[in-house]
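> Chains E and V, in that order, are what the protein sequence lines are.
Under the numbering used here, residues 1 to 710 are what the first sequence spells out, in order.
Under the numbering used here, residues 1 to 347 are what the second sequence spells out, in order.
Check each hint, because a few of them may be wrong.
Claimed, not checked - To spell it out: a stretch of chain V is covered by chain E in this simulated footprint if at least three of its residues, at any positions, have a beta carbon under 8 Å from a beta carbon of chain E; those stretches are:
no., segment
1, 226 to 233
2, 249 to 260
3, 274 to 288
Because the hints were derived from the structure by calculation, they are not lab data.
Virtual Cβ for every residue (Gly too), placed ideally from N, Cα, C.
Single-letter residue listing:
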Amino acid sequence: MSVRFDFDSLPKQRIPRFVLSPRRILADVLSRGWVESAIPFLALLCVIIGVLATTQGYFDAANLRNLAQYSGDGGLVVLALLIVVAVGGIDLSVGSNFAMSAFVALYCFHILGLPVPMVLAASLLAGAAVGVVNGTLAGLIGCGALLTTLATMIATRGLFTLASQAKLVEISTSARIDAVWDWIGFERFLTMPVGFWVLLTVAICVFFMFRQSRFGWHVLAVGGNRKAARHGGIQVKLTILLAYILGGTIVGLAGFMFAARQNSIGADTGIGMEFFVLTALVVGLGGFVPGRGAVVPVLIGFATIYILNNAMINAGFRGDFVQLAMGAIIILILAIDVKFRKHRHRLLASTYLDPARFSLDPVRGVEGFMPDEIEAKLRSAEILAAGKIDGPEDVILDAEDRLYCGTRDGRILRFDPPDYSEVAVHARIGGRPLGLAFDREGRLVTCVAGMGLLRVGPDGAVELLADQTDRGLLSVQDDSTIRMADDLDIAPDGTIYFTDATKRYDMENWGLDLLEGRPNGRLLGFDSRTGRTRTVRDHLVFPNGVCVTHDGKYLLVASTWACSILIFDLADMSAPPRVLVSGLPGYPDNINRASDGGYWIALAGMRNPVMDRAMRHPGLRRRMARRVPPTNWLFGNLNIGGVLKIDAAGRIVDALWDAPDGPLYMITSMREHRGALYLGGVTNDKIGRYALTGADPGWTGTDSYWGREG
Amino acid sequence: MFARLNRKPPPAMTLEGVLGPNGRLDRADAIAVDAPGALACAEDGRLLVSSGCRVLTLARWGETPAPWAELPAPVTALAVSPGGRVAIGLAGGGLSVRDAAGRSLLGWAPPVDLVSIVDCLFLSEEEIALVDCGYGAGQDVLSRAPWEEAARGRVVALTRDGGATTLRADLHCPMGLCRDAEGGLVVSELERARLLGLDGVVRRAGFPGYLGRVRPMGTGYLLACLARRDPLIEFLKTETAFIAEMKATIDPHYWISPRANPEFSHDFPIELGATRLFGEVKPWAPSFSYGLVIELDAAMMPVASAHSRANGYRHAVTDAIPWNGDLIAVSTGSAELLNLGPEKVGP
Chain E
1 MSVRFDFDSL PKQRIPRFVL SPRRILADVL SRGWVESAIP FLALLCVIIG
51 VLATTQGYFD AANLRNLAQY SGDGGLVVLA LLIVVAVGGI DLSVGSNFAM
101 SAFVALYCFH ILGLPVPMVL AASLLAGAAV GVVNGTLAGL IGCGALLTTL
151 ATMIATRGLF TLASQAKLVE ISTSARIDAV WDWIGFERFL TMPVGFWVLL
201 TVAICVFFMF RQSRFGWHVL AVGGNRKAAR HGGIQVKLTI LLAYILGGTI
251 VGLAGFMFAA RQNSIGADTG IGMEFFVLTA LVVGLGGFVP GRGAVVPVLI
301 GFATIYILNN AMINAGFRGD FVQLAMGAII ILILAIDVKF RKHRHRLLAS
351 TYLDPARFSL DPVRGVEGFM PDEIEAKLRS AEILAAGKID GPEDVILDAE
401 DRLYCGTRDG RILRFDPPDY SEVAVHARIG GRPLGLAFDR EGRLVTCVAG
451 MGLLRVGPDG AVELLADQTD RGLLSVQDDS TIRMADDLDI APDGTIYFTD
501 ATKRYDMENW GLDLLEGRPN GRLLGFDSRT GRTRTVRDHL VFPNGVCVTH
551 DGKYLLVAST WACSILIFDL ADMSAPPRVL VSGLPGYPDN INRASDGGYW
601 IALAGMRNPV MDRAMRHPGL RRRMARRVPP TNWLFGNLNI GGVLKIDAAG
651 RIVDALWDAP DGPLYMITSM REHRGALYLG GVTNDKIGRY ALTGADPGWT
701 GTDSYWGREG
Chain V
1 MFARLNRKPP PAMTLEGVLG PNGRLDRADA IAVDAPGALA CAEDGRLLVS
51 SGCRVLTLAR WGETPAPWAE LPAPVTALAV SPGGRVAIGL AGGGLSVRDA
101 AGRSLLGWAP PVDLVSIVDC LFLSEEEIAL VDCGYGAGQD VLSRAPWEEA
151 ARGRVVALTR DGGATTLRAD LHCPMGLCRD AEGGLVVSEL ERARLLGLDG
201 VVRRAGFPGY LGRVRPMGTG YLLACLARRD PLIEFLKTET AFIAEMKATI
251 DPHYWISPRA NPEFSHDFPI ELGATRLFGE VKPWAPSFSY GLVIELDAAM
301 MPVASAHSRA NGYRHAVTDA IPWNGDLIAV STGSAELLNL GPEKVGP
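From just these sequences and the hints, can you work out the full model?
As structure tokens, this is what we get:
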């Protein structure tokens, strides 16, 4: 600890407050779920603009109220059909059911003279009864939704015709007047017709049913994949039955609203309604898609069709012409929508990689230490556990000299001294365990790509500490999930500092982050007392290895693509970090303490002039990602790596390399332990052990962190 | 519209079918030779092989090659006339013609503006055709040729009295010369990946490699390839600004380009798929160096091939000839003479 550094005199690292890129915003928007309904929404906009341009006063308050008054029951039927379609069925009987429910309402009101709540209940029951028949036949018995509802459509229509012909005169000559009945039919509430508020309420209920309720999720699961839903323990037949009954009940409500408004029915009531409603649904969903409970898009589709139809009829076009034009417009909307959906993922894939110009500091401070300038010291390293492990990204030793490493298949393995040849499974985690550290109590804390921060007890019990952090401001995409937890270290106060190397790529594609060259990573802190995780510093360039300095006052963070080591002041983590080392000859991975007060830096790969140059050409990298197969993408050299030793002031004082084609090539981690250096590599199947000359033979990492008693 | 269709380059051959990968080069018998380059079959049936500044000779496969001639500069080309004369091209454009016993013959002074002799061919006992690729002794052809458009190569006919006629100029990095069945001359162009008649007719294009020498074999031909074509390099040819910057600021040794050697070095770039797993390079990994010999039929269509893939090291085959019924090739990547076994043309 003879050499020191002055934190305040180190150069500051500029860290952007936010990353603003049109391409990224486009990619983020394209990856959101709601972009699915972009085309129906645009279609509605077009229709509105078209109507505005051709019809004067169409969107006046009076006409809007009028529209709302008459559209309420149609909207309800669309929602009813949405529920049935979401569960994987179809209901052709909605039109007949609607007419029948309206008849039941009028019959109960005018002939039986029931009070309005009883009338409502009777209408709902009438609608639900048709739903029960449909659900029983199509869901429980399995007759097929199309056939069943075709039959109920015809049967209910027949029943309705018989009943309405018998009672029509009686109903129309009834003189009963009821304030509630008229209020529902004609009055306004908060300037809008009651029917509109009913539609809005039902829409909100259905929306939250699909979003939040168990039943709604079951409906979507059954519609999405019936077999998987059954394997998942969902009662598929019951769910289908209930969905039909719920749909029928909503149709019953629509019939009641219609009856209260019109106070009469005709032989043509509800005729053709099923096709009108189906059209609205298909325009909203962009096709006939089971398993999607998209309430808003479906209502948008309904509004599009309704306004289009209404405006054209108002404009005085002939009915047959309106039908022809409607058909053509709907085909156009659907064709555009289908194309958009089909190409959305391709568009997303081609815009996702968003390279930026990235200038690296020239290589410096390694004169005389490069692989072609000094002997390859790691040639003399001993190889441990060859072929028994798959990708030990990090290695660590405990006080009893046992060696631990994570592997690609999601396990943490243990090797016992002295020969470290027998493999024992310490813990099964899943994910991809990367960085490792021992806490004060001797528990192993690990960063797991795809999972977060986990802790493994001495008995191998696994405990999740953190998988989420604060959501970044100004991020279109929800970035609160920790995507690629990479390395960690534990400060004297027990806070676990760990890195989320990139928010945009998974473990399998972390290399793409280099081609992007943007600050996509972040440093996180887990407070073990409160159990809270917070983002200490966002927008770092692939933050990787983390190491608390020997004095416990500072935090070193390796920035892999920037080829630099940043240093944070643990007493003031809100201050911008300083640059301890820059211009490294390779891509630094983990960084760990050395026994003499310095630090070891693992180099996962080596820089080269061509790649450094390519980092200044974002367009080149973007075009390459689009036109060249991924296997041929220009990349940093990951086939050679090594270990650098720096002193406490950040000067490079030694370098360990293997032969160019030697077995220790992409070194991602190293630990000094009792006079030897243990080396791991994320794509290797072995661990190297290199005997250090002149190192303290009794020094261990756990002692260095937690003292002899730890 | 038809004119545009005609100008489109023919589709490049992929390494499939008869060009599909195999391990023939890796399995072949080998004799280590220091810095080999060119091959020729002497009049008495012995094999001549260049080795740095020397020419070695071999009477039977398996023997240790014996010195045959010593020259003042590295040997870059060899040719034998029907009468037994041996022409030896030297780095920097020098030429030495010897009789069958190895004695120097007077005359044969090549034109002074000849930059290199990468291949030669006796047109008669008194006239020799020399191939000048346009790149001098200090210039790494493989590094530079993909990035240069200028067609500086040419074929020159030289008589013993020093009379030189340019048979064809404006060739883009020609590397080999041979006669076809009708007696016409055909050159192989390294970067253009095609066989071009000196009459200007393209005999066959779209080869999947950077071409070395082409030699007759039976009724067909043997085509040696220095490396395989790489989608990244093909793509970078369209990135003119980046390439101009690379050429201006980086030593040619570190350029992204086909290579003669599969060595690992910390300052070479790699392609993403070439990353080692468990310390090994996968045979199917992309690589800037590759070993490939293609056997062609009389119409110059590939009929068979021999490979050394990304995990092999017998890369950069500069020459391949039939000899004593065997197929002999030179791998500069591994500095070896390879015997691919009995020669055959056709599947």
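> Taking the hints in turn, state whether each one holds.
A quick look at each hint next to the structure:
1. 226 to 233: Coverage by chain E holds for the segment 226 to 233 of chain V (3 residues, Cβ < 8 Å).
2. 249 to 260: Since three or more residues must qualify, the claim that chain E covers the segment 249 to 260 of chain V holds, with 6 doing so at under 8 Å.
3. 274 to 288: Three-residue rule met by the segment 274 to 288 of chain V, so holds; n is 9.
Violated hints are absent here; each numbered hint is respected by the structure.
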